[in-house]
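Colleague: Spelled out from the first residue to the last, the chains are:
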Amino acid sequence: MSRLKKSSIVSLIKKGLRVDGRKLNEYREITIIPNYIAKAEGSAYAKIGGTLVIAGLKVGIGTPYPDTPNCGVITVNAEFVPFASPTFEPGPPDENAIELARVIDRSIRELKVIDLEKLAIIPGEKVYILWLDIYVFDHDGNLLDTSMLAAITTLLTARIPKAVIKEDGKTVELNKEVSEPLPITNKVVTVSVGKVNGKFIVDPNIDEEQVLDCRLAISISEDGRIAGMQKMGSGTFALNEVIEAVKIAKEASKTLFDKINEAIRSIRK
Amino acid sequence: MSRLKKSSIVSLIKKGLRVDGRKLNEYREITIIPNYIAKAEGSAYAKIGGTLVIAGLKVGIGTPYPDTPNCGVITVNAEFVPFASPTFEPGPPDENAIELARVIDRSIRELKVIDLEKLAIIPGEKVYILWLDIYVFDHDGNLLDTSMLAAITTLLTARIPKAVIKEDGKTVELNKEVSEPLPITNKVVTVSVGKVNGKFIVDPNIDEEQVLDCRLAISISEDGRIAGMQKMGSGTFALNEVIEAVKIAKEASKTLFDKINEAIRSIRK
Amino acid sequence: MSRLKKSSIVSLIKKGLRVDGRKLNEYREITIIPNYIAKAEGSAYAKIGGTLVIAGLKVGIGTPYPDTPNCGVITVNAEFVPFASPTFEPGPPDENAIELARVIDRSIRELKVIDLEKLAIIPGEKVYILWLDIYVFDHDGNLLDTSMLAAITTLLTARIPKAVIKEDGKTVELNKEVSEPLPITNKVVTVSVGKVNGKFIVDPNIDEEQVLDCRLAISISEDGRIAGMQKMGSGTFALNEVIEAVKIAKEASKTLFDKINEAIRSIRK
Amino acid sequence: MIGKIKLIDENGLRVDGRKPGELRPVKMEVGVLKNADGSAYVEQGNTRVLAAVYGPREIHPKHLTLPDRAILRTRYHMVPYSTDERKSPAPTRREIELSKVIREALESVIFVELYPRTTIDVFIEVIQADAGTRTAGLMAASLALADAGIPMRDLIAAVAVGKVNGTLVLDINQVEDEFGEADMPIAMMPNLGEIVLLQLNGVLTEEEFYEALKLAQKGIVQLYEIEKQALMRKYCLG
Amino acid sequence: MIGKIKLIDENGLRVDGRKPGELRPVKMEVGVLKNADGSAYVEQGNTRVLAAVYGPREIHPKHLTLPDRAILRTRYHMVPYSTDERKSPAPTRREIELSKVIREALESVIFVELYPRTTIDVFIEVIQADAGTRTAGLMAASLALADAGIPMRDLIAAVAVGKVNGTLVLDINQVEDEFGEADMPIAMMPNLGEIVLLQLNGVLTEEEFYEALKLAQKGIVQLYEIEKQALMRKYCLG
Amino acid sequence: MIGKIKLIDENGLRVDGRKPGELRPVKMEVGVLKNADGSAYVEQGNTRVLAAVYGPREIHPKHLTLPDRAILRTRYHMVPYSTDERKSPAPTRREIELSKVIREALESVIFVELYPRTTIDVFIEVIQADAGTRTAGLMAASLALADAGIPMRDLIAAVAVGKVNGTLVLDINQVEDEFGEADMPIAMMPNLGEIVLLQLNGVLTEEEFYEALKLAQKGIVQLYEIEKQALMRKYCLG
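Chains as they are written, first to last, in this note's numbering: chain A, 1 to 269; chain B, 1 to 269; chain C, 1 to 269; chain D, 1 to 238; chain E, 1 to 238; chain F, 1 to 238.
Please note: incorrect hints may appear among the correct ones.
As the list claims (entries may be wrong) - Quick list of in silico lysine to aspartate or glutamate cross-link-like pairs, EDC-like style, CA-CA up to 16 Å:
no.: 1; chain 1: C; residue 1: K112; chain 2: F; residue 2: E181
no.: 2; chain 1: C; residue 1: K250; chain 2: F; residue 2: E206
no.: 3; chain 1: C; residue 1: K247; chain 2: F; residue 2: E181
no.: 4; chain 1: C; residue 1: K250; chain 2: F; residue 2: E225
no.: 5; chain 1: D; residue 1: K100; chain 2: B; residue 2: D94
no.: 6; chain 1: E; residue 1: K100; chain 2: A; residue 2: E241
no.: 7; chain 1: B; residue 1: K247; chain 2: D; residue 2: E208
no.: 8; chain 1: F; residue 1: K34; chain 2: B; residue 2: D207
no.: 9; chain 1: A; residue 1: K250; chain 2: E; residue 2: E208
no.: 10; chain 1: E; residue 1: K214; chain 2: A; residue 2: E241
no.: 11; chain 1: A; residue 1: K112; chain 2: E; residue 2: E208
None of these hints come from the bench; they were simulated from the model.
Assemble the whole structure, with the sequences as input and the hints as a guide.
Modeller: Given below as structure tokens:
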């Protein structure tokens, strides 16, 4: 990006304005389409501005981890395929994709969005295994918030096949004819707050990402608690700046929950 | 290869002639030696011109795939080691080796060369696992047809150890003292037909491979059916050209079956 | 290293002297600290000159190898992390680290330092699995002898948790409250003998390693038998030179056993 | 299993109600992504594919370039949730093979000699798989290339012909692929009458093979029209 | 399991006898290795970390260099015997993430613009893990950088605050991490009052979060002093 | 298991009928491949090895070259069907170690300083393994190097001495290797009397070691003659 373009973005933000006409605390246009992939047990298409993410959930049967024998297992994986951006390289997930997946995973896990104990089938022996795969198909900035929208909508709208224990008391099969929703207990979104010359913006687009001094991703539960946090990129925050960022994130989270709830209602009609 | 050499190959073919004096539809000298490796359950040395391939079969006991619980498992792997050509790179099989192995695998599988159901030992639990490893040791053109000769001769002449179910009805051991042939139901060869300036040749040597406009590999069963096909390399065929190539392949396949049958007879004496 | 420095090292050795004032058959200062890592079941910090190696032993339960159903399993792994030297590269162990680990592994295994049969828990089913991980943290020459010191002290001082067979006769658990030493039957050290212009030195430091014509690593048991040997690096030995090297190694091994025994005594007080 | 599954009913109709020579419903859309230089979406029955094209662009490392033409890099990939059982995200041997045959098909079509010392990168992501993913992928790729303004000899239209319960059928779906006797994907430059991809997975007699070629050609002509309409919608309705 | 484990006793003391706002015993030593340009050892309770710094030095391949600054490469790694169960030596996803956030923290601190076209390599090896390894690692790295003579805006002092049985506690250990409700590692340049690393793994209310920040700052001030003493011992007692 | 298996019978003969100091039947052939610059085949009992040499030739990437000598790259590899249980085609730790010691042996033999800035690549493929594969491989490599016309100080002759049931034996086979007490492969330049490879896997007293060296040397002299004959057959009978 040219120096000129960068400085124009910065000087606009100084004045409380943004290149695309948004307010500093305003998200771009958001589209969420649940159940986008018929073959997946859950899925969602999520778009914030030009950023497109499709998440999908697949379900299997497996053995629990030894330290949580009575819990199902969820694995979150994110892929930044070269499809999505001229800067993405082929190969296994890089540190950015791994960080994104782990931030999402931790927020979901710590807030107990899914009651994993309800996903044990034969405790200690057989449990549901959930794979949540997040694919970024177009990168226009703020991959994390978009990915979290896709992920959480996928979980909230998934229907998993019923597990049937065979007569031997050991073998488990999935009955694909009968499905039920996941045991959901909570909702979470992530709001990425960027700092530019002492000002804060939410939902930076791909050009704005180039001028951020620093970024703080804050996961917020629907009841307003902080369910995770990650300073991303170099740069620093003063203590009072962190506090300000949290307030902004909490406020902005409401829009995201509205969008999610609207999307879910649309399919329940 | 020099431009001059290329154009001399092409102009010869235009006249129906080849650099090594062959007819357009003629194979180079073929040598097949079954049971070349004493340690393998089956093996064959196959040479077409200067191209040398040694295939070997190893046998084990394992669990079947969930979708074919009553069938044995065969895995076909091909390696183009740097040993064989100044152009081969070290490392895991590249796209060319993978394609070759998969073309051979599909022809064998689709034609049911081996009756895999007869390789179940305890259906759903224990089956024979066959590994067919194809090593190219000298690359002088037409790796696919040579590899298929080595592969099919290996299967036709293999002797696998008898599986013995223990008293517990669960454990299976291989008795290396007693061996039996594989349950073979059919035979297949692959004929690679190259197009050069509108003319067709079989069994291109390594220099001719440089001037091919396009190549079609056609697998033919001993009763003359088409058991697989793969257009390889860039370049195009018109519909009628494909039909002509099939006729050429069918005719040429007879030589290959003669060679295989002769090699098998040699060891049965 | 400069040509001048190299030639000064060589000409000193010709005169029976070394850059750091040692005799040709003398080790640098040796420090051994057993039980250095509290979390490991066994561990040792070993330093020869500036070379620092920390080895650690972790213990688990697993299934035996099919060909040794009544024996525990030990795996020796060595890592030359970029931490330790400006010349070490990141990534999985290279040929040097693999060779070092395998030389140590073979000496321990062939001399039966550990009686692996005593590490079977349910013969054929459940055995102790030992992982001996050797980390080089500072490379000042003679990694092999230092690593062997760390490895053998780790084994001699380890305490492994008691295996308890559950009532079902199948499940095994480790009781971390009750620990016992490994079933040790012998001790071994490795002495690396370098040849420089027809003279032999032990324990080459990192500068001397640059001028070695050839190197022979000789493992010696406490009763003076040869428990392994590896010519390392290019260069050659005459037959009588090999014999001389063995005599030097046998003599030098005594210092190493003294250091090990002293370290063990220190913790038994 | 083959033969036990009835794939053609008493009325000669297929499991999804189609006649043997009938295509599945098709949807094509050009220019669906922001970053890619060209992109397209193709839906064929339950198969859904996205394609993106980047280039011609520079390559690193430089020594991969060719002095007289663009190189073409192609990745055909199925996302983990596109299949019945979750697929590992790492490329399988099947995906490596298909990336190769797709690349070779595209090399016959693109005027690569116009862009020496560059790369043209074509990415195909199968987001839902119900057979025919390579042929749908090739069509999406060819539309994405057109969208990127890369000169081609022709578009590629492609379809798989199958043999199920002894009958040749056009544009097979997943059940027909799994339980049928043969699957023959074929891709052509329809206007030039040239085949750019041809594979046969299964056993056919010579006569069946000729029939299959004819049936494929029939489908390809129809798909070609739909492709052209998709391009028109993007570029001619403006 | 959470809630079942009593992590704060009737006297308000923690499992290891500490008060909520109390740090574990700390030991720091600078210049512990021969080869590295800078090195340090940090012990915090049962957590033990070694750090080594190489650079500024040349990079191969050259194209990784930047014309206006040094690049920073960081590896945070746990050795296999550092944990209760043996850890595979290959880098885990967790280690890759932590290497990234540690690198980003150090990038805020080092005057990278002083060494264009070079690399500064920072290696952290956790030899014993009992929670707080990334914060101990960051302190060891910052001491090793000072030992290597690389100019920095400030040292980094760092600590993790946790929430256990509803109480905020300073410098959590492994049991508190496993069975507690939240783990918030934070790293600062204490003299400048700037946060260089901040993560929250767990759930806090806004008020708890502000309290946690304050508690962390209290610990960071103490750790900063210990760091300065460690440097003094190496460089000022000579 | 050791000791339970009788490897020397009452007549002092070995499991395959050989006397302790007797070699297995050997077959050597030079120039067996078309593409390689040099090649050879060695059969020693049931062990069968192919070697191919390419070079001196250019290397990519260039920065691997050395200004004053050729680099030597060596791959020792066992094909999957060469062993009793199928071996994975990927290089094992054993194969990586053996590739190293073989390369170091060859480096002592080849006049690498004659070909600066090039590589000489030596590939050894074990197609059937019955012990002694590294020594057979070294002989095949040395013949292939001669076939490629690469100047050497001497040929390499090599053999493994073993200790079985307390007796030292020459040229051990697989059963003796598995159930014996020691395996000592040794490779020499026979004419110069120099050892280029020496490993001992097992336990020997000093006296046994000296005996083993002598026994090895006896075998090496015989193998050296067979090597020379193989070269003569190729190059002097023309």
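Colleague: Between K214 (chain E) and E241 (chain A), is the straight-line Cα distance small enough, at 16 Å or below?
Modeller: holds (14 Å)
Colleague: Could you grab the alpha-carbon distance between K250 (chain C) and E225 (chain F) and see if it respects the 16 Å cut-off?
Modeller: Roughly 36 Å separates the two Cα atoms, so the pair is violated.
Colleague: Taken at face value, is the distance from the CA of E208 (chain D) to the CA of K247 (chain B) at most 16 Å?
Modeller: holds (14 Å)
Colleague: For the pair supplied as a hint, K34 (chain F) and D207 (chain B), is the alpha-carbon distance within the 16 Å limit?
Modeller: Holds. K34 (chain F) to D207 (chain B) sits at ~14 Å (cutoff 16 Å).
Colleague: If you draw a straight line from the CA of K250 (chain A) to the CA of E208 (chain E), is it 16 Å or shorter?
Modeller: holds (15 Å)
Colleague: Between the alpha carbons of K100 (chain D) and D94 (chain B), is the straight-line distance 16 Å or under?
Modeller: Given pair K100 (chain D), D94 (chain B) holds - Cα atoms ~10 Å apart, limit 16 Å.
Colleague: Check the hint pairing K247 (chain C) with E181 (chain F) against an upper bound of 16 Å on the C-alpha distance.
Modeller: The given pair, whose Cα atoms are some 22 Å apart, is violated under the 16 Å limit.
Colleague: What's the verdict on K250 (chain C) and E206 (chain F), does the C-alpha distance respect the 16 Å limit or exceed it?
Modeller: Distance ~9 Å between K250 (chain C) and E206 (chain F) Cα, so the pair holds.
Colleague: Against the 16 Å threshold, does the CA-CA distance of K112 (chain A) and E208 (chain E) hold or violate the hint?
Modeller: Outside the cut-off at roughly 19 Å; violated.
Colleague: Is the hinted pair K100 (chain E) and E241 (chain A) satisfied, with a Cα-Cα distance of at most 16 Å?
Modeller: violated (22 Å)
Colleague: Run the distance test for K112 (chain C) versus E181 (chain F): straight-line Cα separation, threshold 16 Å.
Modeller: holds (12 Å)
In the structure shown, a violation is registered for the earlier hints numbered 3, 4, 6 and 11, in ascending order.
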